[in-house]
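> Sequence:
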Amino acid sequence: MSSNFIKNTSKLLAGNAFGQIIGIIAIPIITRLYSVEVYGEFSSLLAISLILATFTTLSLHLAILIPKSEEEAIKIFRLCLSLTYVFCFFISVALYFFNEYVVSLLNIKSNTKIVFAIPLLVLSQSLYISFTYLGVRVKIFGEISTSKVLETISDRGIAILSGFGNFAFVGNLILARVAANVFAILYLFPILKRYKSRKKTTISNGFIFTKYKRYLQYNTPSMLLINSMLQLPVIIIAAYFSSIAAGLFAIANRLVNIPVSALGGAISQTFMQKIAEDKANDDMGKVKENTDIFFITLVAFLLIPFSVLSVVGDSLFVIVLGAKWADAGVLASFLSYFAMTTLLVQSFGGLFDVMNKQNIRLIFHIFNFIIRIGTLILCIYVDYDLAKTVLIYAVVSIFMNVIAMGLLLGSVQQVQSLISALTNNVMPLTFFHVLAAIIMSYFESILLTYSLIAILATSWFFIIGGMEKIKQFRK
1 MSSNFIKNTS
11 KLLAGNAFGQ
21 IIGIIAIPII
31 TRLYSVEVYG
41 EFSSLLAISL
51 ILATFTTLSL
61 HLAILIPKSE
71 EEAIKIFRLC
81 LSLTYVFCFF
91 ISVALYFFNE
101 YVVSLLNIKS
111 NTKIVFAIPL
121 LVLSQSLYIS
131 FTYLGVRVKI
141 FGEISTSKVL
151 ETISDRGIAI
161 LSGFGNFAFV
171 GNLILARVAA
181 NVFAILYLFP
191 ILKRYKSRKK
201 TTISNGFIFT
211 KYKRYLQYNT
221 PSMLLINSML
231 QLPVIIIAAY
241 FSSIAAGLFA
251 IANRLVNIPV
261 SALGGAISQT
271 FMQKIAEDKA
281 NDDMGKVKEN
291 TDIFFITLVA
301 FLLIPFSVLS
311 VVGDSLFVIV
321 LGAKWADAGV
331 LASFLSYFAM
341 TTLLVQSFGG
351 LFDVMNKQNI
361 RLIFHIFNFI
371 IRIGTLILCI
381 YVDYDLAKTV
391 LIYAVVSIFM
401 NVIAMGLLLG
411 SVQQVQSLIS
421 ALTNNVMPLT
431 FFHVLAAIIM
441 SYFESILLTY
451 SLIAILATSW
461 FFIIGGMEKI
471 KQFRK
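Going by the numbering used here, the residue at position 64 of the sequence shown is 64; the numbering climbs one at a time, nothing skipped.
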């Protein structure tokens, strides 16, 4: 791997990691200030906004990284902003007519007018994404990293201060999220100064739509399916169970996906930039080599922390979040490997774009959406309880993520990397879970149990040759 790739990834990872640390510290405070029901309503509204945000730029923000011409890149960026404004206006109009239906669907009991915050969430999130991709293009990875830290501090800070001020309502959580995105955007706003002196472009919107039509045809529906698969479970659980159930699932899903949020975007953006550069230089050998080394290394390291979470998740949630979130810990244990495989798919998702295989991604995600969401609805239809529903949903989702990784690696003829990762880690994984089960059964002391699990995980790291893999990755 090149030193620039590692350096750029490290910058983004540092910001994401620091932001996530702040978020982790803040979550136990937030869960004690806000009720499960309030958090559930907020999560439902956020889920809808994330799904709708898929349409705002029609996935053209991904194309900001592609053109060699800076004139074309800034044209794409400005078009993304215009599309975002127009789409958010139409969302507002739609909510005016369908307000009662949305409130009923989400089981909102607090304030029925709160659904009008959805366009604000969509607008702030979409604008921040467009600014982030423009920043990646001009390689200001340090500034992007800092903006993510600023976003996290603002979000958690406003939420906590509101809670301590006896304003622990859904609206304050929404205010915190919108304000955080606005602060991050303002921090990145100076990026535009380098384009200020440029003359008015002759590139038309029609030219952009025509040249990058594959993003509209394949990426937008693919991203819609991906975001829907990630966010619909919260909405479905809120609709068929309750806002409380949605809150339990949302906090469990959010915590197990902290590594996905911290690592996935940073790895994906810099990895895509690297392999796009190698592909442009017709160096497919380098693309294959980097993909193989990075995938094998990432799988080996991710298995350890996510395996630990699958074992101690239920008891850990009670300690960290409080007794009222105990059921969320059980759900987190079920979702741990699902989160890990999601991180892998997100990290290497750029392979489809660089290799122009967006059609394969779209076809897969159509089936993926049907199977995963269909499984969730089927479990509800046969009247399974929340825990059993989430467990079955997680198992099916893991299976589909493995298939996704096979298709991604297959786009660069590296399927053997997936086969190697599965076969090489099956024995250490089995060994860990057997010993962990024995430890959990025979020791009642939480401190002793966690200490033994930590020793077991550390031993696993050295058994798989962790230090050697780090040295190989740095070469």
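Source of the hints: derived by calculation from the structure; they are not laboratory data.
The beta-carbon is built from N, C-alpha and C at its ideal position, and this holds for glycine as well.
Just so you know, not all the hints are guaranteed correct.
Derived DEER-like restraints, expressed as beta-carbon distance ranges [said to hold, decoys possible]:
id : residue 1 : residue 2 : range
1  : Met427    : Tyr101    : 51 to 57 Å
2  : Leu429    : Phe97     : 50 to 56 Å
3  : Asn205    : Phe461    : 47 to 53 Å
4  : Asn205    : Gln416    : 39 to 45 Å
5  : Ala94     : Ile21     : 35 to 41 Å
6  : Asn359    : Ile24     : 36 to 42 Å
7  : Leu447    : Arg194    : 35 to 41 Å
8  : Ala94     : Asp292    : 43 to 49 Å
9  : Phe367    : Phe443    : 40 to 46 Å
10 : Gly322    : Leu447    : 16 to 22 Å
Calculated cross-link-like contacts (lysine-lysine; reagent style BS3-like; alpha-carbon spacing at most 27 Å) [to be verified]:
id : residue 1 : residue 2
11 : Lys357    : Lys286
12 : Lys288    : Lys68
13 : Lys213    : Lys324
14 : Lys324    : Lys139
15 : Lys68     : Lys211
16 : Lys324    : Lys211
17 : Lys139    : Lys211
18 : Lys68     : Lys139
19 : Lys324    : Lys388
20 : Lys68     : Lys286
21 : Lys68     : Lys193
22 : Lys139    : Lys213
23 : Lys357    : Lys324
24 : Lys388    : Lys288
25 : Lys109    : Lys324
26 : Lys357    : Lys68
27 : Lys139    : Lys388
28 : Lys213    : Lys357
29 : Lys139    : Lys286
> Going back to the hint list, which numbers does this structure go against?
Those not satisfied are hints 7, 13, 14, 16, 23, 24 and 27.
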